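A.B. asks: Generate the whole structure from the sequences, applying the supplied hints.
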Amino acid sequence: MNIITFFSQIDQIYLWDIIGTAVFGVSGVLIAMERRMDVFGMLILAFVTGVGGGTLRDVLIGYIPVFWMRDHIYIVMIIVSVVITLLFKNKMADQWGRWLLLFDAIGLGVFTIIGIEKALRYELSPTIAIILGTMTGSFGGVIRDILANKLPALFHKEIYATACIAGGTVYFLINSFMPHNLVIFITIVVVIAVRLLSLKYHWELPKF
Amino acid sequence: MNIITFFSQIDQIYLWDIIGTAVFGVSGVLIAMERRMDVFGMLILAFVTGVGGGTLRDVLIGYIPVFWMRDHIYIVMIIVSVVITLLFKNKMADQWGRWLLLFDAIGLGVFTIIGIEKALRYELSPTIAIILGTMTGSFGGVIRDILANKLPALFHKEIYATACIAGGTVYFLINSFMPHNLVIFITIVVVIAVRLLSLKYHWELPKF
Amino acid sequence: MNIITFFSQIDQIYLWDIIGTAVFGVSGVLIAMERRMDVFGMLILAFVTGVGGGTLRDVLIGYIPVFWMRDHIYIVMIIVSVVITLLFKNKMADQWGRWLLLFDAIGLGVFTIIGIEKALRYELSPTIAIILGTMTGSFGGVIRDILANKLPALFHKEIYATACIAGGTVYFLINSFMPHNLVIFITIVVVIAVRLLSLKYHWELPKF
Chain A
569 MNIITFFSQI DQIYLWDIIG TAVFGVSGVL IAMERRMDVF GMLILAFVTG VGGGTLRDVL
629 IGYIPVFWMR DHIYIVMIIV SVVITLLFKN KMADQWGRWL LLFDAIGLGV FTIIGIEKAL
689 RYELSPTIAI ILGTMTGSFG GVIRDILANK LPALFHKEIY ATACIAGGTV YFLINSFMPH
749 NLVIFITIVV VIAVRLLSLK YHWELPKF
Chain B
569 MNIITFFSQI DQIYLWDIIG TAVFGVSGVL IAMERRMDVF GMLILAFVTG VGGGTLRDVL
629 IGYIPVFWMR DHIYIVMIIV SVVITLLFKN KMADQWGRWL LLFDAIGLGV FTIIGIEKAL
689 RYELSPTIAI ILGTMTGSFG GVIRDILANK LPALFHKEIY ATACIAGGTV YFLINSFMPH
749 NLVIFITIVV VIAVRLLSLK YHWELPKF
Chain C
569 MNIITFFSQI DQIYLWDIIG TAVFGVSGVL IAMERRMDVF GMLILAFVTG VGGGTLRDVL
629 IGYIPVFWMR DHIYIVMIIV SVVITLLFKN KMADQWGRWL LLFDAIGLGV FTIIGIEKAL
689 RYELSPTIAI ILGTMTGSFG GVIRDILANK LPALFHKEIY ATACIAGGTV YFLINSFMPH
749 NLVIFITIVV VIAVRLLSLK YHWELPKF
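Residue numbers (the working numbering), protein chains in the order written: chain A, 569 to 776; chain B, 569 to 776; chain C, 569 to 776.
I should point out that these hints are in silico values taken from the structure, not numbers from a laboratory.
Please note that a few of the clues may not be correct.
Identical copies look the same in the list; a pair holds intra-copy or inter-copy alike.
[What the hints assert, rightly or not] Quick list of in silico lysine to aspartate or glutamate cross-link-like pairs, DMTMM-like style, CA-CA up to 25 Å:
{"no.": "1", "residue 1": "Lys657", "residue 2": "Glu726"}
{"no.": "2", "residue 1": "Lys657", "residue 2": "Glu772"}
{"no.": "3", "residue 1": "Lys768", "residue 2": "Asp606"}
{"no.": "4", "residue 1": "Lys775", "residue 2": "Asp662"}
{"no.": "5", "residue 1": "Lys775", "residue 2": "Glu602"}
{"no.": "6", "residue 1": "Lys775", "residue 2": "Asp606"}
{"no.": "7", "residue 1": "Lys718", "residue 2": "Glu602"}
{"no.": "8", "residue 1": "Lys768", "residue 2": "Glu691"}
{"no.": "9", "residue 1": "Lys718", "residue 2": "Asp606"}
{"no.": "10", "residue 1": "Lys657", "residue 2": "Glu602"}
{"no.": "11", "residue 1": "Lys686", "residue 2": "Asp639"}
{"no.": "12", "residue 1": "Lys686", "residue 2": "Asp606"}
{"no.": "13", "residue 1": "Lys686", "residue 2": "Glu772"}
{"no.": "14", "residue 1": "Lys775", "residue 2": "Glu726"}
Please read these numbers as outputs of a predicted model, since none were measured by experiment.
C.D. replies: Shown next, in the form of structure tokens:
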């Protein structure tokens, strides 16, 4: 099976879900290196960043055993993210930096959708669904920062979770009258747009 | 419906549960401000402080989806706690400080009872029930401190969990021969009393 | 019932499981003392170190209420670990240091086996079983370090989780053709050997 048949066989959301997992994983490895952790520390930080948000979501709604115990692709992607980061660690910071931010934003959008749709399958309300979408997208990074003994970046540095909340809100505004595929597409685009624009124009949430 | 009919319609425990959630939330917002977090950080810290202990309890006993996914009042109270703290942030530290401590103590007592009664509904033993009551009352603050990258205050500063343990012990001492309403009332009073007296007289647990 | 009948009545794995819990608990109390926590902080740190890894495992696979709610011996052992550490705190660091390391290594091996076997009972794959075995053995220490506001030792200092992974891998290599008792014995010996040899010869995982 070549790579094109592989890609055409699987659902697009699923594809971006696993790419997002790997890109989130890379951000875990980079923090682990910054903290001078060993290879095992890198694996764990890649793991919690890549699957931590979804794991918390699954535990809170009762989808257990959690998702990465049911499909090995997630663990494979975590290992891939560690190997690739070690092989190309100089490129990661430099040339690839912008690509990583883009893929991270796409991953964020896809994770948000997955969280929302899973919540709806459990017949939870839109508010809870948006919370779970945001959690899926952004809590991997929070657990990563806690394990690395840092103040979570999410809480004071960037528009990140806000992008998930914006996307989730749009989802429920358009969900009743648009076809489902379009709703998903627009939601992901909103998350990506808010995230990338906030990076470009240095948007910040107010502090007091 | 005016506020008095509202209050008389709902169960007293439930009323103090949601007030306790908001007061716990306020303590999360205050720590978030201290750490210069943005508005989203405040929301998260209010959220974990207000519902974190009960969430951990629910996950450990298997009451999932967890409680705040089943009743929106908790999320409403978290948002209320952020708004009120931002509006009255000067008053919070000053004039309101003593009221907050009182409400926090009442919340602590009510949270303890809720944890104990939920454990008993799952046919867990008195020991486990006291542990779960204490967890419900005090672990929101622990998660708050971890997210704020602080050594949890619970572990070295104050008689807090000890008040829950004292109340829980009294609960099981009197439960077999007193009417249930009175057991609940006395337990809550014991928690509040131990908590407030420990603040007044600077009680501390021994260190070694 | 004297101690010999007690020991001969219970299963050897179970015996070492509860001894391991107490020894892990001791390491929690020692960190709590280092951080000048009070008696309650010691109890919590002993608790999370002793049962934290297994609790996380149980929550992720859905074995809830979690194990220590079903058998009080774990809570008893936690309390025992606090009392013993307080009584013999000078000896702990000195004469007992080597014994603690040995018991800790045995506990690590036993916890790994328990995690693996529980995963298999849930029909999870060998990869997931090794992950859960490693988690059972090593995440109590991670939660301990997070609560004590330290960078988890697991991620940068020692061969610890690696011993669990080595043992778990051996388990699945020999499981198909050896009797079950022997598989368990060899797995535990491998974990202990890797752990103790790594301490003796100062093995470390590579950093980058």
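A.B. asks: Hint numbers the structure violates, sorted upward?
C.D. replies: Result: hints 8, 12 and 13 break, sorted rising.
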